[in-house]
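Model the full assembly from the supplied sequences, consistent with the hints where possible.
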Amino acid sequence: MSLKLGALTKSIWVYHLCTGGSCNNCDIEILDLLTPRFDVERFGIVLVGSIRHADAILVTGSLNLKAVERVKRVYEQAPKPCVVIAVGACACGQGIFANGPYTPNPVDSLLPVDLYIPGCPPKPEAMILGIVKLIAKLKGKGRE
Amino acid sequence: MLKNLFNFLVFPGFLFTATLGLVASWIDRKVTARVQWRVGPPWYQPFIDMVKLSIKEITIPKNSSKIMFLISPLLGLSAVILASTFIWLANIELGATGFTGDIIVVLYLLTLPAIALILGASSTGNPLASVGVSREIKLILAYELPFIIILCVPIIKSSGLLRLQDLIQYQTVNGAILSNLSGLLAFLVAIFCMQAKLGLVPFDAGEAETEIMAGTYIEYSGILLAILKLTKFMMMVALPLFLITVFWAGFSIWKYVVLLVIIVLIRNTNPRVRIDQAVRFFWGKMTALALIAVFLAILGK
Numbered sequence: 249m250s251l252k253l254g255a256l257t258k259s260i261w262v263y264h265l266c267t268g269g270s271c272n273n274c275d276i277e278i279l280d281l282l283t284p285r286f287d288v289e290r291f292g293i294v295l296v297g298s299i300r301h302a303d304a305i306l307v308t309g310s311l312n313l314k315a316v317e318r319v320k321r322v323y324e325q326a327p328k329p330c331v332v333i334a335v336g337a338c339a340c341g342q343g344i345f346a347n348g349p350y351t352p353n354p355v356d357s358l359l360p361v362d363l364y365i366p367g368c369p370p371k372p373e374a375m376i377l378g379i380v381k382l383i384a385k386l387k388g389k390g391r392e
Numbered sequence: 025m026l027k028n029l030f031n032f033l034v035f036p037g038f039l040f041t042a043t044l045g046l047v048a049s050w051i052d053r054k055v056t057a058r059v060q061w062r063v064g065p066p067w068y069q070p071f072i073d074m075v076k077l078s079i080k081e082i083t084i085p086k087n088s089s090k091i092m093f094l095i096s097p098l099l100g101l102s103a104v105i106l107a108s109t110f111i112w113l114a115n116i117e118l119g120a121t122g123f124t125g126d127i128i129v130v131l132y133l134l135t136l137p138a139i140a141l142i143l144g145a146s147s148t149g150n151p152l153a154s155v156g157v158s159r160e161i162k163l164i165l166a167y168e169l170p171f172i173i174i175l176c177v178p179i180i181k182s183s184g185l186l187r188l189q190d191l192i193q194y195q196t197v198n199g200a201i202l203s204n205l206s207g208l209l210a211f212l213v214a215i216f217c218m219q220a221k222l223g224l225v226p227f228d229a230g231e232a233e234t235e236i237m238a239g240t241y242i243e244y245s246g247i248l249l250a251i252l253k254l255t256k257f258m259m260m261v262a263l264p265l266f267l268i269t270v271f272w273a274g275f276s277i278w279k280y281v282v283l284l285v286i287i288v289l290i291r292n293t294n295p296r297v298r299i300d301q302a303v304r305f306f307w308g309k310m311t312a313l314a315l316i317a318v319f320l321a322i323l324g325k
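First to last, the sequence lines map onto chains Y and C.
The first sequence begins at 249 in my numbering and counts up one residue at a time.
The second sequence begins at 25 in my numbering and counts up one residue at a time.
These aren't lab readings, by the way, just hints derived from the structure by calculation.
Among the hints, a few may not be true.
[As the list claims (entries may be wrong)] Mimicking DSS-like on lysine-lysine, the simulated pairs with C-alpha atoms at most 30 Å apart in a straight line are:
| no. | chain 1 | residue 1 | chain 2 | residue 2 |
| --- | --- | --- | --- | --- |
| 1 | C | K256 | Y | K258 |
| 2 | Y | K252 | C | K86 |
| 3 | Y | K320 | Y | K385 |
Please read these numbers as outputs of a predicted model, since none were measured by experiment.
As structure tokens, this is what we get:
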């Protein structure tokens, strides 16, 4: 257990999935995590280009009708075990698009979201705190 | 027989070179981070990455040619193990090893990982992978020409020695080939060819993360991706070692570190070039330099 879980939580490769219906501010804040000020590569977290390499999917933006099919397919292509993280108000609870006619599906109606990071956009510190909590939760799950 | 197996699998073949390669990849990441004013990952990060990749799920794409998809990473890995075993043995073995012409065999073996990557990526049926494959093929055509030409320089200087161990002995007696003008020019060309062979920036058009999403690696996951990455890291040991053997009078740790730092600094101070620029660079300037080096070597400079 411990070796597997330790390896999985110490080397998280992140695939960044923008569902299209967002203002891209969350995406910019995510990229902040890689800058010298925060530098999450210290903990083995890197951004990858291909979904096949991913351990975590960061979903940003509100899910519109066109994106539903694609998001589903991307999740199915990810190699398991894989966690889903919803970043920002739109991805967590649809934000200002809650009553929109073209965005009827919240992200968590489609994907098994493991972690919600609210905020518009969330600060990088909030994202780091969220990931710390997620790792603690995964490790707690492993102990049972 | 048992000794050969030990040489191939443990020392100085697979286990030893793989460990060194993972450490080299950590040095690469750490120096990159320091250049960018970051802290960078801890030293055990590449090992954790390998363990993690080996417990992830493998997905075989529906449209792929399955046997090719599964076999080609192993093909590349075995080629690089064999090449590094040859080169290490020439450097550290006290008795006679190798055979006449093993420099040519090693040259072929060092090309095989790229070919295996091309075979594997083109068997996936992914359009982005095929873009990566087409770039990788052009890159191979580009860098192999000057690389083969400059390998004539040490052979001409040593009046026709084709064995790695003989070359090292020649250099310990007569001074490194690098100390001549022709050798220096050839070594300069060799460094750029090495950068392209390793698929690092500025010649990483085949796996450009930002435009074709890891290109040739795109469909690989799990342990197959781990093998591909390991092959790349082992090439990071085998290629500098080959250059040191041929041009720089045999291995020592500081020579390797110098070459590794040069690789990392080139990688961090250059943007990615387009594939046509890369081909023009290698077939133009580099081939011209390589030919000049060969003529100087013939003249005895």
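| field | 30 Å limit on alpha-carbon distance, applied to hinted pair K256/C and K258/Y | value | holds, 22 Å
| message | What's the verdict on K320/Y and K385/Y, does the C-alpha distance respect the 30 Å limit or exceed it? | response | Holds: K320/Y and K385/Y sit about 25 Å apart, inside 30 Å.
| said: K252/Y and K86/C were given as a pair; does the straight-line alpha-carbon distance stay at or below 30 Å? | reply: Distance ~28 Å between K252/Y and K86/C Cα, so the pair holds.
Checked against the numbered hints given earlier, this structure breaks none of them.
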